[in-house]
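**Q** So the sequences go chain by chain: Z and H. Numbering that gives the first Met the number 0 applies: residue 0 is where the first sequence begins, and numbers increase by one. Numbering that gives the first Met the number 0 applies: residue 0 is where the second sequence begins, and numbers increase by one.
Calculated directly from the structure, the hints in this document are not laboratory data. The reader is advised that the hints may include incorrect statements.
Restraint ranges, calculated between C-beta atoms of paired labels, are given here [claimed, not checked]:
| no. | chain 1 | residue 1 | chain 2 | residue 2 | range |
| --- | --- | --- | --- | --- | --- |
| 1 | Z | Thr310 | H | Asn141 | 45 to 53 Å |
| 2 | H | Lys152 | Z | Leu377 | 50 to 58 Å |
| 3 | Z | Phe357 | H | Glu23 | 12 to 20 Å |
| 4 | H | Glu149 | Z | Gly602 | 46 to 54 Å |
| 5 | Z | Val146 | H | Pro76 | 48 to 56 Å |
| 6 | Z | Val605 | H | Glu153 | 20 to 28 Å |
| 7 | H | Glu149 | Z | Glu72 | 34 to 42 Å |
| 8 | Z | Thr601 | H | Ala144 | 36 to 44 Å |
| 9 | H | Thr114 | Z | Glu646 | 32 to 40 Å |
| 10 | Z | Asn191 | H | Arg15 | 44 to 52 Å |
| 11 | H | Pro76 | Z | Ile616 | 20 to 28 Å |
| 12 | H | Thr114 | Z | Trp382 | 52 to 60 Å |
Chain H is nowhere near these chain Z residues, computed Cβ spacing over 12 Å in every case [as the list claims (entries may be wrong)]:
| no. | residue |
| --- | --- |
| 13 | Ser6 |
| 14 | Gln32 |
| 15 | Lys40 |
| 16 | Thr52 |
| 17 | Cys88 |
| 18 | Lys113 |
| 19 | Glu240 |
| 20 | Gly271 |
| 21 | Cys327 |
| 22 | Lys402 |
| 23 | Ile454 |
| 24 | Lys547 |
| 25 | Glu574 |
| 26 | Asp596 |
| 27 | Lys619 |
| 28 | Val626 |
Bear in mind the structure is a predicted one, so any value in this text is a computation, not a measurement. Ideal Cβ positions, reconstructed from N, Cα and C, are used throughout, including at glycine.
Here's the letter readout for the chains.
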Amino acid sequence: MNSQYNSSVKDFLIDEVLRDFTNNSKDPHLLEQISVLRNEKISEPVIYVGAGTCGLGAGAAKTLKSVRKYIEEKDIKARVIETGCIGLCAVEPIMDVQIPGYNRVSFQNVTEDKVDEVLDAVFQLEVPEKFVLGQFDQSDTRKWDGVRFLKDHPFFAPQKRLVLKNCGIIDPVDIKEYIARGGYKSYIKAINVHSPSDICDIIEKSGLRGRGGGGFPTGLKWKFANREESDQKYLICNADEGDPGAFMDRAVIEGDPHRLIEGMAIGAYAIGATKAYIYIRAEYPLAIERLESAIEEAREYGLVGEDIFGTGVDFDIRIKKGAGAFVCGEETALMHSIEGKRGMPRPRPPFPTTRGLFGKPSVINNVETFANVSEILLNGADWFASTGTEKSKGTKVFALSGKIALTGLVEIPMGTTVREVIFDIAGGILNNRKFKAVQIGGPSGGCITEENLDIQIDYDSLINVGAMMGSGGLVVMDEDTCMVDVAKFFMGFIQRESCGKCIPCREGTKRLLEILESITSKPDAANTEALDRFKGVMQIEKLSQVIKDTSLCGLGQTAPNPVLSTHKLFRDEYEAHLYDRQCPAGVCQNLKVYKIDVDKCTGCTVCIRKCPVDAIIGSKKSPHFIVEDKCIGCGACYEACKFDAIEVV
Amino acid sequence: MEKNRESGVVMETKVREILDRYPEGRTENLIPVLQDIQETDGYLSEESVLEVSRHLKMPASKIYGVATFYNQFRFAPLGKYHVQICCGTACHVLGASTVLEEIEKNIGVKSGETTKDGLFSMEVVACIGACGLAPVISINGNFHAKVTGESIKEILDNYRNQE
Chain Z
0 MNSQYNSSVK DFLIDEVLRD FTNNSKDPHL LEQISVLRNE KISEPVIYVG AGTCGLGAGA
60 AKTLKSVRKY IEEKDIKARV IETGCIGLCA VEPIMDVQIP GYNRVSFQNV TEDKVDEVLD
120 AVFQLEVPEK FVLGQFDQSD TRKWDGVRFL KDHPFFAPQK RLVLKNCGII DPVDIKEYIA
180 RGGYKSYIKA INVHSPSDIC DIIEKSGLRG RGGGGFPTGL KWKFANREES DQKYLICNAD
240 EGDPGAFMDR AVIEGDPHRL IEGMAIGAYA IGATKAYIYI RAEYPLAIER LESAIEEARE
300 YGLVGEDIFG TGVDFDIRIK KGAGAFVCGE ETALMHSIEG KRGMPRPRPP FPTTRGLFGK
360 PSVINNVETF ANVSEILLNG ADWFASTGTE KSKGTKVFAL SGKIALTGLV EIPMGTTVRE
420 VIFDIAGGIL NNRKFKAVQI GGPSGGCITE ENLDIQIDYD SLINVGAMMG SGGLVVMDED
480 TCMVDVAKFF MGFIQRESCG KCIPCREGTK RLLEILESIT SKPDAANTEA LDRFKGVMQI
540 EKLSQVIKDT SLCGLGQTAP NPVLSTHKLF RDEYEAHLYD RQCPAGVCQN LKVYKIDVDK
600 CTGCTVCIRK CPVDAIIGSK KSPHFIVEDK CIGCGACYEA CKFDAIEVV
Chain H
0 MEKNRESGVV METKVREILD RYPEGRTENL IPVLQDIQET DGYLSEESVL EVSRHLKMPA
60 SKIYGVATFY NQFRFAPLGK YHVQICCGTA CHVLGASTVL EEIEKNIGVK SGETTKDGLF
120 SMEVVACIGA CGLAPVISIN GNFHAKVTGE SIKEILDNYR NQE
């Protein structure tokens with residue numbers, strides 16, 4: 000019965016929806032069938048649980064279990080759907096309930112023990128206020144009284160969702176729903192109506208620029224590859240999202256994998272490639288699983304494979320799992336990795352569009368770039384170009400994390416200010432602390448401080464203030480964050496991930512890290528390191544410039560950015576570490592000085608016994624003393640003292 | 000000792016099964032082959048690397064060259080409880096380094112190592128994408144959210160007590 004139903008739906012979708020791509024039929028029967036597939040018209044209740052990696056981390060798997068148990072025990076006929084992430088990671092697990100005749104309504108913080116409470120209420124047609132997030136805006140079903148629309152929620156209202164349109168809303172592994180929502184129409188239209196160079200023109204005209212960091216015009220890149228003559232060309236999707244603090248690509252793949260596949264299919268047609276690879280991090284098992292099942296579904300529908308829809312176009316797609324190397328985000332390194340070699344970059348030119356994977360012309364774009372393509376073809380280049388700033392069109396997805404009230408994923412039109420993103424959308428700083436800086440662009444990017452918060456987000460204005468778009472990680476820092484420590488963190492990351500091929504990057508990043516380590520660690524009176532520390536700091540800028548100018552690939556060329564940016568903007572913090580040997584934010588543990596308050600100390604000897612380096616002296620029942628030269632600042636005594644006699648200076 | 004040899008035999012047949020899925024001498028399959036082996040064995044043993052070397056017809060030194068380049072590959076068996084500490088930016092800003100230190104102190108090994116009794120192994124990983132729950136650690140795939148220097152002791156003791 001079920002498989003019969005599925006195959007009749009498949010025929011319907013292929014024959015009446017996809018093949019008939021130009022026909023905007025108003026046939027009521029057809030529209031009704033589509034709204035059933037879109038889960039807008041339902042005959043039994045549907046319960047959706049956000050089960051992306053972040054949701055699962057917050058306990059969505061247990062919530063799902065509770066939901067299934069609930070409907071089984073109460074003998075309710077209802078469907079349970081696992082969706083991707085809607086972007087509001089801070090209030091996961093998120094559960095939506097849709098009852099026939101009513102708008103779908105979304106609930107926050109629904110942990111396993113809250114499921115019964117929420118479902119009991121909704122099935123009695125009440126909305127429990129403390130859990131409700133908002134209701135969907137559906138045209139022909141009843142509205143819940145007194146419940147705001149999800150689109151009016153302060154987190155969602157300023158957003159413009161193209162790439163994330165379906166994320167957290169649809170069933171990611173159900174191709175039927177994707178097609179019913181207009182999916183794959185662009186692709187079928189493209190291969191039937193447009194020539195490959197038409198597609199390149201449309202994308203170029205739309206102004207779409209690479210979302211992986213560089214911001215190279217996508218249409219132009221495709222054009223270069225389109226013009227190359229070759230028996231084989233390759234299209235590659237870079238889903239090796241290695242930036243610490245970035246999870247946009249993962250969310251797109253987990254929540255809407257068909258959007259990526261469709262974008263790639265169009266890209267492959269535009270450059271004349273018949274084979275495509277998705278290079279994805281092995282650390283994203285759920286994304287890989289959903290992608291595999293989506294590709295399989297697309298194959299069943301004849302959207303991947305040979306002679307697609309009788310047009311003679313071939314398109315095959317394969318997943319390659321990355322093995323954990325940040326440098327593989329660089330395109331030539333990534334191609335070496337697909338070829339089974341060490342992921343090391345090579346000098347360009349020749350550019351990959353001329354000589355790429357296995358020596359053939361290849362195009363590499365990132366996930367978000369491909370995810371924009373189908374929308375552009377569906378609505379036109381001018382429509383896309385109407386959003387954004389003069390040189391940066393469309394939207395950009397950002398992953399917000401750090402000391403921010405609402406951690407999550409947002410998609411905003413280019414040109415939105417940084418202030419709007421942090422304070423209006425994400426609710427400001429955690430625990431009402433004072434904002435210090437926001438780090439954009441991960442290990443290649445820089446910081447933006449209070450004075451530049453009103454700049455518009457686009458590729459060029461971010462570079463003007465010493466940051467960069469990068470892939471879209473936005474990490475917010477407050478007054479308790481030490482900026483020297485942040486610089487050290489990124490330098491440590493880059494130094495570990497440097498592939499070692501070129502000397503400036505391999506040795507230079509190591510030296511930079513050493514300089515930062517020396518100013519964040521305890522002085523050693525026994526040698527002359529004090530002089531070295533000063534010399535080191537004086538060399539930071541010069542050394543950074545050499546690394547930038549002479550490194551082989553983008554990783555090295557941008558590696559000193561976090562150091563340069565913090566050094567310029569937070570000179571006072573560097574000076575406090577250097578001259579006063581103090582960490583103003585109290586983060587650098589090594590610089591902490593512990594002292595014993597003689598009036599409070601009872602001489603119990605607990606701290607003496609706890610100290611791992613025998614730095615505390617004193618006898619029983621008389622106040623103890625910490626020998627500063629020996630103390631390593633571990634804080635063991637501080638934790639052990641029952642009389643609050645130990646203080647941090 | 001006897002036991003070890005036995006498990007070696009079992010392991011080798013598994014490696015054979017994996018290699019049979021890939022054509023001989025096609026070096027571009029090296030990384031997927033190593034990933035598959037690690038997925039079944041938990042690490043890359045010397046024997047399995049040699050086996051791969053024969054199958055793909057490339058020197059073992061080259062295979063080690065590739066395997067050590069990537070963070071994913073391990074050369075020692077995993078512990079019974081595999082602790083992964085996320086050191087992404089969000090976790091770092093919220094105190095992951097304190098958590099890391101505490102774990103190192105508590106189980107007595109560093110990243111990439113396994114305790115002598117085989118109970119714990121530890122690994123520092125780049126962002127696992129649960130930034131909303133930072134600082135986060137994962138033990139055998141179970142997430143522990145918002146961990147602190149203090150709460151980590153309790154978490155690890157819970158696993159110890161299960162023995």
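**Q** Does each hint hold? Answer for all of them.
**A** Hints, verified against the model:
no.: 1; hint: Thr310(Z) <-> Asn141(H): 45 to 53 Å; result: 48 Å, holds
no.: 2; hint: Lys152(H) <-> Leu377(Z): 50 to 58 Å; result: 55 Å, holds
no.: 3; hint: Phe357(Z) <-> Glu23(H): 12 to 20 Å; result: 19 Å, holds
no.: 4; hint: Glu149(H) <-> Gly602(Z): 46 to 54 Å; result: 26 Å, violated
no.: 5; hint: Val146(Z) <-> Pro76(H): 48 to 56 Å; result: 54 Å, holds
no.: 6; hint: Val605(Z) <-> Glu153(H): 20 to 28 Å; result: 21 Å, holds
no.: 7; hint: Glu149(H) <-> Glu72(Z): 34 to 42 Å; result: 39 Å, holds
no.: 8; hint: Thr601(Z) <-> Ala144(H): 36 to 44 Å; result: 38 Å, holds
no.: 9; hint: Thr114(H) <-> Glu646(Z): 32 to 40 Å; result: 36 Å, holds
no.: 10; hint: Asn191(Z) <-> Arg15(H): 44 to 52 Å; result: 48 Å, holds
no.: 11; hint: Pro76(H) <-> Ile616(Z): 20 to 28 Å; result: 45 Å, violated
no.: 12; hint: Thr114(H) <-> Trp382(Z): 52 to 60 Å; result: 59 Å, holds
no.: 13; hint: Ser6; result: 31 Å, holds
no.: 14; hint: Gln32; result: 37 Å, holds
no.: 15; hint: Lys40; result: 34 Å, holds
no.: 16; hint: Thr52; result: 5 Å, violated
no.: 17; hint: Cys88; result: 3 Å, violated
no.: 18; hint: Lys113; result: 17 Å, holds
no.: 19; hint: Glu240; result: 8 Å, violated
no.: 20; hint: Gly271; result: 22 Å, holds
no.: 21; hint: Cys327; result: 9 Å, violated
no.: 22; hint: Lys402; result: 6 Å, violated
no.: 23; hint: Ile454; result: 21 Å, holds
no.: 24; hint: Lys547; result: 21 Å, holds
no.: 25; hint: Glu574; result: 22 Å, holds
no.: 26; hint: Asp596; result: 23 Å, holds
no.: 27; hint: Lys619; result: 28 Å, holds
no.: 28; hint: Val626; result: 22 Å, holds
Checked against the numbered hints above, the structure breaks hints 4, 11, 16, 17, 19, 21, 22 and satisfies the rest.
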